[in-house]
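Undergrad: If you want the building blocks of each chain, they are given just below.
2 protein chains.
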Amino acid sequence: MIIIDILKDACIHVKEQTKNLIGTAEGNKKFGVGAGGDISRMVDLIAEKAVIDTIKRTDFKPTIIGEECGRIEGDQGYLIMDAIDGTTNASRDIPFYCCSLAYATDDKLSSVVDATIIDLVRGDLYYSSKNKGAYLNGNKIGIKKYVNNGTENEPRQNDILIGLNISGASESIMNHISKIISKANHTRHFGANALELCYFARGFMDAYIDIRGKIRSTDIAAAYLIVKESGGRLYSITGSELDAELGTSTRLSFLAVLDENMFKNLSEDLHMS
Amino acid sequence: MIIIDILKDACIHVKEQTKNLIGTAEGNKKFGVGAGGDISRMVDLIAEKAVIDTIKRTDFKPTIIGEECGRIEGDQGYLIMDAIDGTTNASRDIPFYCCSLAYATDDKLSSVVDATIIDLVRGDLYYSSKNKGAYLNGNKIGIKKYVNNGTENEPRQNDILIGLNISGASESIMNHISKIISKANHTRHFGANALELCYFARGFMDAYIDIRGKIRSTDIAAAYLIVKESGGRLYSITGSELDAELGTSTRLSFLAVLDENMFKNLSEDLHMS
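Sequence order for the protein chains is A and B.
Residues in the first sequence are numbered consecutively from 1, following my numbering.
Residues in the second sequence are numbered consecutively from 1, following my numbering.
These aren't lab readings, by the way, just hints derived from the structure by calculation.
Please note that a few of the clues may not be correct.
[Unchecked claim] Computed beta-carbon distance windows for the label pairs: (1) K140/A to A25/B: 14 to 24 Å; (2) Q76/B to N261/A: 22 to 32 Å; (3) V33/A to V33/B: 47 to 57 Å; (4) N137/A to S172/B: 38 to 48 Å.
[To be verified] Some, not all, of what chain A presents toward chain B, calculated at C-beta under 7 Å: (5) A169; (6) S170; (7) E171; (8) S182; (9) T238; (10) S249.
Every residue, glycine too, gets a C-beta built ideally from N, C-alpha and C.
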């Protein structure tokens, strides 16, 4: 039983089960509030069921942690799922959302050893196992510190693109982040954290920042490993390497960056401490 | 000679000519500064050539205005092109960029009578002719004031998603915009103005705002008509209906909104006047 293969199968199963539901009135039907505190929609429930069904067909018995289902006890580590990340995009049919699955040996982010994220629109499958690098559809991916402009490589710092999650950010948060925005050449915000972190991991973005303190460790568990294995660094706003207990109640702020130096520069501009 | 059909042909020609170049070192090769003031890349030049070649094969002789070519004189109105909108995305292979073409009878935005925008990644073709509605791949599109949640329609104001272009926005601009961010449930920023305005026009977003004063009328000419024909409203920050001379030197700020009431609310939060 190779766990990463089970996670890949589950991702593909989620894509098949949800493709005709996303953005439809039926898919958007609401079913109260899930364990994570957000409104559950039909499509979220179908997606979680697709993951759980895939696991149940194997002899792999992890404790399953999900936004809708809460916690299903097992005795072989932890399977952390955000079966639909980017629910708002999905509910409006905006083509940017994904399924994020991680397997951890212990109850913390730094214990994640296998991770898969599937782009549910394009079908791109990102995955990583600890110490084995990060991959997209079989090809190794990594952060990029240089940009190829035809005849020569130029350092990215001349043309910085930063992903920012500022959805519903308070005026106070925006006050902290506005210097970073003014100094970056470009900012982006696509609306699905896990998939945006994959964009960072494959070199599309030079940093990705979310300092709202709203992201659950469930939301970021798979991207955590993929970013690290792509050569990126993940910091908390206080400057420690990012880590946290798993589960839907832990809320995080973080910066994904190319290196420590970049973290220091961004951190100064954030003036949070 | 039906002008909208020539514009559609030109869009498809741009997609064919650029698809293998975008995101490559060859496509990113720099060629000095274009008429619009930005650095020209190989892919920008190839895309403009694809448009100009398409026009030349017909007996349509408009004055052509483009970011790279500047102005090519003609005597049958104005063809305004942003052959690649979202160049930064395209140069990094981030899958969100488009080609935007508009035909105007006179030298101003409000004289645009035909418009096409092609999503160069997905192939989606948005188009509109004045007073004939807005279309996507043959299907009529329009803004949405209600969201369908399964059994009932709910007013969108309970779940507002606003597109914002804040790339390189100054701290002062961010100070003006932070209240809007804090009040919206969700914000997005995909990185290609014309295509983001198509997302607004098809009901994905409830508003789209760019108050940096950096957008050229060339960049927005096609989207201007598509937004209006989809039922949306376009305002300047001073509250007048948006209009401007065409050309690459005019720079604009604007708000695309569902209705006048929404403009008033957003405008108050901007506190620009």
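Undergrad: Hint by hint, note whether the structure agrees.
TA: Checked hints:
Checked against the given bound of 14 to 24 Å, the beta carbons of K140/A and A25/B, roughly 19 Å apart, stay inside it. Between Q76/B and N261/A the CB atoms are about 56 Å apart, so this pair departs from the stated range of 22 to 32 Å. Restraint check, V33/A to V33/B: a C-beta distance of roughly 54 Å satisfies the suggested window 47 to 57 Å. Taken as a hint, the range 38 to 48 Å holds for the pair N137/A and S172/B, whose Cβ atoms sit roughly 43 Å apart.
The interface hint given for A169/A is met, as the beta carbon of that residue sits about 6 Å from the closest beta carbon of chain B, less than 7 Å. At its closest, the beta carbon of S170/A sits 5 Å from a beta carbon of chain B; the interface hint therefore holds under the 7 Å criterion. About 5 Å separates the beta-carbon of E171/A from the nearest beta-carbon of chain B, less than 7 Å, and the hint is met. A cut of 7 Å between beta carbons decides the hint on S182/A: the least distance to chain B is about 5 Å, and the hint holds.
A cut of 7 Å between beta carbons decides the hint on T238/A: the least distance to chain B is about 24 Å, and the hint is violated. At a threshold of 7 Å, the smallest CB-CB gap from S249/A to chain B is about 22 Å, leaving the interface hint violated.
Comparing the model with each numbered hint stated earlier shows that hints 2, 9, 10 do not hold.
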